[in-house]
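Asker: These protein sequences, in sequence, are chains Y and U. Heads up, my numbering is the position in the first sequence plus 3, with the first residue counted as 1. Heads up, my numbering is the position in the second sequence plus 381, with the first residue counted as 1.
Rather than coming from a laboratory, the hints here were simulated on the basis of the structure. A hint or two may mislead.
DSS-like cross-link-like pairs, simulated, lysine-lysine; straight-line CA separation at most 27 Å [as the list claims (entries may be wrong)]:
| id | chain 1 | residue 1 | chain 2 | residue 2 |
| --- | --- | --- | --- | --- |
| 1 | U | Lys-839 | Y | Lys-156 |
| 2 | Y | Lys-199 | Y | Lys-145 |
| 3 | U | Lys-754 | Y | Lys-21 |
For clarity, every value in this text was computed on a predicted model and none was experimentally measured.
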Amino acid sequence: MSSREKILAAVAQNQPAKLQLPDVNLFETGTEGSLENFIKVLSAIGGKAYSINDLSEIDSIITDDIGIRGRVVNLVEGLNLTNAEEIITDTVVHHLHNVEMAVVKASLGVAENGAVWVTEENMNQRVLPFICQHLAVVVHQKDLVPTMHDAYKQIDQMPGYNYGSFIAGPSKTADIEQSLVIGAHGPRSMIVFVLK
Amino acid sequence: MQSEMENSTTKDHAELSEEFNRDEERVNWHDETLWWIRQKRDKIVHQLPEWEQLREAASQIKLNVLSDLHNYLQQFEANAIANGVHVHWAADAAEHNQLVHQLLTNAGVTQMVKSKSMLTEECGLNDYLAEHGIEVIDSDLGERIVQLAGEAPSHIVLPCIHKKKEEIGDLFHKYLGTPSNMADPQMLTEAAREHLREIFLTRRAALTGVNFAVAETGEFVVCTNEGNADMGAHLADIHIASMGIEKLIPERKHLGVFLRLLTRSATGQPITTYSSHFKKPRSGVPIHIILVDNGRTVQLGREDFRNSLKCIRCGACMNTCPVYRRSGGHSYHTAVAGPIGSILAPNLDMKKYADLPFASTLCGSCSNVCPVKIDIHEQLYKWRQVIVKAGYAPAGKTAGMQVMSKTLSSPTAYHIAGKAGRWVLKHAPFAVNNKLNPWYKQRDMPEPPSESFGEWYKKNGGKKNEQ
Numbered sequence: 004m005s006s007r008e009k010i011l012a013a014v015a016q017n018q019p020a021k022l023q024l025p026d027v028n029l030f031e032t033g034t035e036g037s038l039e040n041f042i043k044v045l046s047a048i049g050g051k052a053y054s055i056n057d058l059s060e061i062d063s064i065i066t067d068d069i070g071i072r073g074r075v076v077n078l079v080e081g082l083n084l085t086n087a088e089e090i091i092t093d094t095v096v097h098h099l100h101n102v103e104m105a106v107v108k109a110s111l112g113v114a115e116n117g118a119v120w121v122t123e124e125n126m127n128q129r130v131l132p133f134i135c136q137h138l139a140v141v142v143h144q145k146d147l148v149p150t151m152h153d154a155y156k157q158i159d160q161m162p163g164y165n166y167g168s169f170i171a172g173p174s175k176t177a178d179i180e181q182s183l184v185i186g187a188h189g190p191r192s193m194i195v196f197v198l199k
Numbered sequence: 382m383q384s385e386m387e388n389s390t391t392k393d394h395a396e397l398s399e400e401f402n403r404d405e406e407r408v409n410w411h412d413e414t415l416w417w418i419r420q421k422r423d424k425i426v427h428q429l430p431e432w433e434q435l436r437e438a439a440s441q442i443k444l445n446v447l448s449d450l451h452n453y454l455q456q457f458e459a460n461a462i463a464n465g466v467h468v469h470w471a472a473d474a475a476e477h478n479q480l481v482h483q484l485l486t487n488a489g490v491t492q493m494v495k496s497k498s499m500l501t502e503e504c505g506l507n508d509y510l511a512e513h514g515i516e517v518i519d520s521d522l523g524e525r526i527v528q529l530a531g532e533a534p535s536h537i538v539l540p541c542i543h544k545k546k547e548e549i550g551d552l553f554h555k556y557l558g559t560p561s562n563m564a565d566p567q568m569l570t571e572a573a574r575e576h577l578r579e580i581f582l583t584r585r586a587a588l589t590g591v592n593f594a595v596a597e598t599g600e601f602v603v604c605t606n607e608g609n610a611d612m613g614a615h616l617a618d619i620h621i622a623s624m625g626i627e628k629l630i631p632e633r634k635h636l637g638v639f640l641r642l643l644t645r646s647a648t649g650q651p652i653t654t655y656s657s658h659f660k661k662p663r664s665g666v667p668i669h670i671i672l673v674d675n676g677r678t679v680q681l682g683r684e685d686f687r688n689s690l691k692c693i694r695c696g697a698c699m700n701t702c703p704v705y706r707r708s709g710g711h712s713y714h715t716a717v718a719g720p721i722g723s724i725l726a727p728n729l730d731m732k733k734y735a736d737l738p739f740a741s742t743l744c745g746s747c748s749n750v751c752p753v754k755i756d757i758h759e760q761l762y763k764w765r766q767v768i769v770k771a772g773y774a775p776a777g778k779t780a781g782m783q784v785m786s787k788t789l790s791s792p793t794a795y796h797i798a799g800k801a802g803r804w805v806l807k808h809a810p811f812a813v814n815n816k817l818n819p820w821y822k823q824r825d826m827p828e829p830p831s832e833s834f835g836e837w838y839k840k841n842g843g844k845k846n847e848q
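Please take these sequences and the hints and turn them into a complete structure.
Answerer: Written out as structure tokens, the structure is:
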């Protein structure tokens, strides 16, 4: 008997009588996410949010306010950035290790935890939002939802994904004596541009 | 590492706690730091009015999973295969380790980077692979630190919470070439970032754990704050994901419940920085999932203990436990320490872990903070009875219990013992305040009352009625 058959047989023998699933749809709020909450929570977890009226505002914020110099990869359609690559031409993903900033689009943002949902489609290479030194994300204000329940409801209605990640702030660790350090293995900062 | 493990089989929780308690300052720091994390948990939890409904929903979802696991496992397998993911089954730790070794050998790889997976700790994967000439580097910062120290993680979420920054500085100086006496967490983390980035860029195989696997879609979710699971998996030529069979959840929408509970309970954060959903492999880069039993189906058959399989590994029960906070994770001599570990481990080896269910005050705080409502303290109590019946009770406990049992079953003996106890505490405290009494270690004996309740009642009992 294979391990698969052995495990399944043991499970069948030992699992108790079937219990019903609870209704989790009642947690969905069906309302819009609050921009104010989203900004507040994202700031509290080490990220930064800018509320913008037009994509054209981003260029000067990145180069002047944040002062990003070096390799910038911009994968947001309709966004023009000075000296940024708009397609990834590296044949080996490891070459992305020198990316100073990556700019990607998120299909939704979650007000309760400051997370944005980014799928493979919008990051081109899965490693991009992790290997870059700084991450910038563009999300439409209309795509903010209050909670994770609402987020999964939205995701159900979107086209399928091969890979997706909720990203909430810069990478961080508190493993050494519980002292919070921003910039563990991934980005040292995360900016979210919320487009009106 | 080997000697560490041999030690752990000969010393029990009380003896290992005694070692940890030699450094009073460190114990106080450990205690206060974990309590601080517990308070952060409380703060964020109290912001959600629906918290209790979420816990109840999570508990019910997991109970449903355990009651229909046969179906969900096959559903998950079929959907994962349809997504292009390879699915393997391992009956026990040995088979899991062999499978990982085989996959690496087939890929022609001798070096692997691994993100946090308590299952691989449970299986002893690192030691097994090292014996077979494969180098494993743990990429979670805390895990890398304990790996350099030749130790096991002492906490499932905070692997090196037992270490002081100066000790970490010494380890980094020795192994990573940082300047001596550098103990600033910011600078140490930066050094680890540089060291591990080099590892991520050069390792062709990555192993990750699994936080949740969704039967409905065949995808699995990995949560980290550091981004190490993603860095490893997205830069490697092969991704192996190891999961216990109890990690399944029925539908993707259920992730909404669990991701809201997990990190709030663990560290008081609203969510981990990264909650990554792996559904289909990258082009040309295979994903292999290993579904591991290793005693889980046996636990499923133990009516009193099966609920322990609901655990989502948040560590809240450790942070709140008055025993864990003062005894340290290594005193539990098992991969998963603390209250939850103490109800999981006896299932794997009742004799070896007979001491763990006794390493508790049964205060119930663990059950109160558990996000999936496991009745942890009740299971600890039940394990004690199973262990005593099976003849595995720690020797000191057995002798004491027999005396106690005789005393409590005879009113005369009870009164005499009570009187004698009060007399000794009053007139000869040295008789109990000494090394022969384990209760006195790290504690002071209480002031004895001048009379027992029985004596007091005899004197005062009737008075109220007379008035």
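Asker: None of the hints should be skipped; say for each whether it holds.
Answerer: Evaluated hints:
no. : hint                   : result
1   : U/Lys-839 to Y/Lys-156 : violated, 68 Å
2   : Y/Lys-199 to Y/Lys-145 : holds, 7 Å
3   : U/Lys-754 to Y/Lys-21  : holds, 19 Å
Figure legend: structure checked against the earlier numbered hints; the only hint not met is number 1.
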